[in-house]
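Visitor: So the sequences go chain by chain: S and X. Residues in the first sequence are numbered from 1 upward in steps of one, following UniProt numbering. Residues in the second sequence are numbered from 1 upward in steps of one, following UniProt numbering.
Take the hints with a grain of salt, since some may be wrong.
[What the hints assert, rightly or not] Just the calculated beta-carbon pair ranges, DEER-fashion:
# : chain 1 : residue 1 : chain 2 : residue 2 : range
1 : X       : Val-177   : S       : Lys-18    : 47 to 53 angstroms
2 : S       : Arg-42    : X       : Asp-229   : 44 to 50 angstroms
3 : S       : Gly-505   : X       : Gly-346   : 42 to 48 angstroms
4 : X       : Ser-578   : S       : Ser-252   : 49 to 55 angstroms
5 : X       : Gly-505   : S       : Gly-505   : 31 to 37 angstroms
6 : X       : Asn-149   : S       : Glu-704   : 37 to 43 angstroms
Source of the hints: derived by calculation from the structure; they are not laboratory data. Remember, it's a predicted structure, so these values are computed and weren't measured experimentally. A virtual CB, placed ideally from N, CA and C, is assigned to each residue, including glycine.
2 protein chains.
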Amino acid sequence: MTKSLSTNPANDVVIDGKKYNTFTEPPKAMAAERAKASFPVREMTYYLDGGEKVTEYNEAVWEQLERAPAFDNTDYYDVCGDHELLRARTLAKVGAIAEIVTDGRSERDIQKVLSFVSVIDPGAMTRIGVHFGLFLNGVRGSGTSEQFNYWVGEGAANLSNFFGCFCMTELGHGSNVAGVETTATFDRNTEEFVINTPTIAASKWWIGGAAHTATHGLVFARLIVDGKDYGVKNFVVPLRDRNTWNLMPGVSIGDIGKKMGRDGIDNGWVQFSNVRIPRLFMMMKYAKVSKDGKVTQPPLAQLAYGALISGRVSMVYDSYTWARRFLTIAIRYACCRRQFSSSPGGLETKLIDYTFHQRRLLPRLAYAYAMNAGSAELYKIYFAATDRLASTKPTDKEGLQSAIDDVKELFSVSAGLKAFSTWGTAQIIDECRQACGGLGYSGYNGFGQGYNDWVVQCTWEGDNNVLTLSAGRSLIQSGLAIRKGEHVGAAASYLKRELNAKLNGRSLEDLNVLIDGWEHVSAVGISQAVDRYVELEKEGVSQTEAFERLSQQRYDVTRVHTRMYLIKSFFENLKTASPALQPVLTDLALLFALWSIEIDASVFLRYGFLEPKDISTITVLVNKYTGKVREQAIPLTDAFNQSDFVINAPIGNYNGDVYNNYFAKTKAANPPINTHPPYYDSVMKPFFTRKFNDDPDLSALEEEEAEENE
Amino acid sequence: MTKSLSTNPANDVVIDGKKYNTFTEPPKAMAAERAKASFPVREMTYYLDGGEKVTEYNEAVWEQLERAPAFDNTDYYDVCGDHELLRARTLAKVGAIAEIVTDGRSERDIQKVLSFVSVIDPGAMTRIGVHFGLFLNGVRGSGTSEQFNYWVGEGAANLSNFFGCFCMTELGHGSNVAGVETTATFDRNTEEFVINTPTIAASKWWIGGAAHTATHGLVFARLIVDGKDYGVKNFVVPLRDRNTWNLMPGVSIGDIGKKMGRDGIDNGWVQFSNVRIPRLFMMMKYAKVSKDGKVTQPPLAQLAYGALISGRVSMVYDSYTWARRFLTIAIRYACCRRQFSSSPGGLETKLIDYTFHQRRLLPRLAYAYAMNAGSAELYKIYFAATDRLASTKPTDKEGLQSAIDDVKELFSVSAGLKAFSTWGTAQIIDECRQACGGLGYSGYNGFGQGYNDWVVQCTWEGDNNVLTLSAGRSLIQSGLAIRKGEHVGAAASYLKRELNAKLNGRSLEDLNVLIDGWEHVSAVGISQAVDRYVELEKEGVSQTEAFERLSQQRYDVTRVHTRMYLIKSFFENLKTASPALQPVLTDLALLFALWSIEIDASVFLRYGFLEPKDISTITVLVNKYTGKVREQAIPLTDAFNQSDFVINAPIGNYNGDVYNNYFAKTKAANPPINTHPPYYDSVMKPFFTRKFNDDPDLSALEEEEAEENE
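Isolated chain S (complex conformation) (with noise of 0.2 angstroms):
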């Protein structure tokens, strides 16, 4: 084992007089990239977080997780294959989570605490999850304070023999929560609802924490009344005994079984057979049914859905922790791999070092940059929107309405902002994973169960499509309104600027220039529509019809808005940094907002922002500020902040010691003791040693058919 390199001399690397090879180079590589650094890496960490407070705040979080048993990680990806253990685990993690979370923080702390543990095993993050984000938001958003204490008397505040669960989505009704088919039907004689699933497809679908852990729903039903549907309501259904853990009469709920990822949550099916519960288990917030059966509406339909959009922001929060794991991943592998030499017997390149691997992974650096900016934004918006919603008064109409307002910018903006950051996030880790080569393909790096576990992200808590039609519907609507001269939301008045800019002349490497050309083909594109809209209007098209066949606008508005949105948001942010760390975070928005530019050329040629010679410009400046990022890969990506827990993946690990890190842990989870298959007796012996064509001896048989013919 002691040969020499020397056979292969484009792995001779010599540093400070002494010879390193492929092996053993990979650690010097990685310091030498570490020691490029042009910014104090500890002061972008505090930009990124939001300040040396949150930085140690965040910290000690972490700390506490990779302390706790539960979360040790060492054979996570083995045991992510293992239903039954992995839930079993799953479960002791929430058990840990809620020692953290219930120890009197704030939701938004709680929030951060979920995000956290969301990178590390978003499993566990879910199981949890569901119950305080969506269950106990759920009651705390639709149910008075009374029925809200009454609850966390009971328990779920701290997990006290109570977990709750979310019952909204059916087998057949996902997107569409107003057409939910389960009912909740008013006896008024027993003062009581009786909650049923008239057909196998309004069964309750999907129910995280239902096939195992939930005491209670929180079940969406249509409210029914002497015989009138009242639309769909929230009801407070007991599942389980809580002493025995047998379900409740009339509710059966089966394990909804394998899933693409997570599969540590116990998702489940839930089915009720005319299932009893007192009156006062409705929500009654805003919609109420009195003893006497008098039902109350509530003054406005949405109010129903709120619990949904706190998902839905941090998801773009998530969209950023998820990129920096991957991307830290793939760049750090990169610095420390070579392959192919420029000239024959020539040292290796490293990956990092050829122009399109930079130019795989580093926009896509500067992308989780700009995530990170646009979710610092979207908190903003999203904090102000719901303590207003909060404070106001259920029976201050005028109040609510406008609150409302506020809520339904929020839910645009956020639409936008979720369905682009978790595909974009979708496609990091995707390529990140393809960067890696076939070490990208181990279990053990963590891509594919990254990939699985995340992309669900793309369908629930608002389908991303779902949402981008959405939001594209809300942004022609605000085009119209601004021709109408009525009042838009602050993230569409933009709208308002004329539609004749050009780059003429002026420098592409000029982040204001970079932004009136965003905001230019934005307008332009939501203009265009508009003037269609009212086209159709005028052909007498109905709104509804004229929206459909604005599909393909309606997703092409919102891809150009959300984008110019997250590319201000960037420029925004990093005015607040620190001077040390500006021209670095300078160079990323450029390489973020050039590169989104080249992705989306053809709009700058339509909208006549560009011209045909500009785009090769384009490339040439993405290629320098590639080029002057790559200098500083390694910093950027060390500012994240992540252990190598976090990281979970050796070729990924701080040290740049990829290839004895990986050949260990590959090592260390398959024991190489084992020769024999355990199948080898059963199975492979048999196949291998069977017989071949043997002709069966049939003398005996011919001797007595001759016999008989004699």
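We have chain S already, so just place chain X on it with the hints.
Guide: Then chain X, alone, in the frame of chain S:
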């Protein structure tokens, strides 16, 4: 359970006077779609397969697979999570496949069987494929006929106590095969080679079949004779004692463990500690080492890597078979699933009737038809080139050089098609999954397992990015050759055209006009890259560096050229179809070409074929043709002729009874009889019944302290 559905009037459908609801209507919807067929579906199957006889042959293969007990797929997705069971099952399938492929079929027919297996169990396909496709093909390609016959005699032809693996990739070397570090040092005294692994990074890695199955490996190692390195050659090395299944002396093997998909294959790592093999175990068709250590180098180095090309070619066909499977699932589901109604209380709309949903699925249906045509074209080139190579004597250097030129054209064309087809299908699987909402995320509808199993195709046997850049270099070289008046292959001959084409008022619904446009943008893109290359050359930039700087351009020209090639193949191929099929195939071809322009609009604008206003027309036309194809969507997917066994996704079954099928599958896989989670006593109960904030009773301590203080 018999509550009327009138509570949600959106779900009342009346067909022939009978009422149906969410649950009972889907199969009726499917039947109605099927009745719309405007063409003979069976004839379309013949067209797709390449003739009636081929269809019948294919059906016989499918029947044989579906009947084989080893291929029962009832619990396929659940078993995929159970490493050990999965591998035993996969080996049983290898046995069933071996029966079929060793019955005297042609190489093409064996490839087809393996392609079919890949759709239903890619792990089984790959597991047997490493023996037949890589080991045995490798021995055939690089060994003498005596050597090939020797290994056949040892059992290699029919897996008689013999299984070969392909030890090429190392932990530290993947794409750069010429850089592998394993050594094969000739020992003149014993007439043996000594195979050795110098460092951990030189361990053979990802070796399919090594961990459990392989008795022999075809090892890529550097030939060292008298201290001189002659580059990488192939050697057969025995890995296991075939009687005891113990590892041979000096051979270390371990399991690579968990992967992103394909856990049914026992990929392993292999290290050699001075393992000795007879001289004649070196493959000596082209390279040779005589008894006394005289080395003969092969006439052309590329001859060593020929075994990989067939895999690359078959991946284009596999891209089609995988795409059609997932498209069928998503399109069938879209024809049965209803969501939202355009009027309050009105019937909900089928997903397939939404413009945007059509746009997500139907251009990709057209893409699948195009890939089928592209694959047929590629197979023609492949068989011509490989037959020629095989029939040229190893000593005929001139004949070999000419045959190699054909193979080079094959490499270039197949590189682009392999890369963009495998990426295209990965994207199709993902889009189809998302189009099925939550039910796409369920494990039982196959998308998750399918995606993970599929995407390795983007990395192995030529990483897509490496292939794309390599094909881009070839295209630029072809462009240079044309300027110098040199000969170029058939696939590049269109580069001779004039570069001044414009739409000029011609119809965008004319196939010939669209081909003109695609050829134009591809030719201009390549020509501009050639211009830039020539400039760089004049500036004194090295060839390597010039191509490096043109990385993005190389990617772009390959993307556009490959799309053009696919569109042209489709247009040519559909001319061979019967008249009854031409109208719908023409709609598909137009849709594919138009949609491709919409995606790549910027090059059509940059290179002057289209003007900005044309892009809006393209969008209108894409809407028009998705609308036309939508009417035939079910017949067009039925024509793929896939049984429910192949589909293996209850929401994609032929009968369209989506909810019933899916609920039954979920329930069968997870019988709801067990209401208590298996970890209730060990994890759940202790957590839920833990004590909170019990202030400890310190009275005894306090008394004592008080006493002491007295």
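Visitor: Does each hint fit the structure? Answer for all of them.
Guide: Hint check:
no. : hint                                      : result
1   : Val-177/X x Lys-18/S: 47 to 53 angstroms  : violated (29 angstroms)
2   : Arg-42/S x Asp-229/X: 44 to 50 angstroms  : holds (47 angstroms)
3   : Gly-505/S x Gly-346/X: 42 to 48 angstroms : violated (55 angstroms)
4   : Ser-578/X x Ser-252/S: 49 to 55 angstroms : holds (53 angstroms)
5   : Gly-505/X x Gly-505/S: 31 to 37 angstroms : holds (33 angstroms)
6   : Asn-149/X x Glu-704/S: 37 to 43 angstroms : holds (41 angstroms)
When the structure is compared with the earlier hints, violations turn up for hints 1, 3 and for no others.
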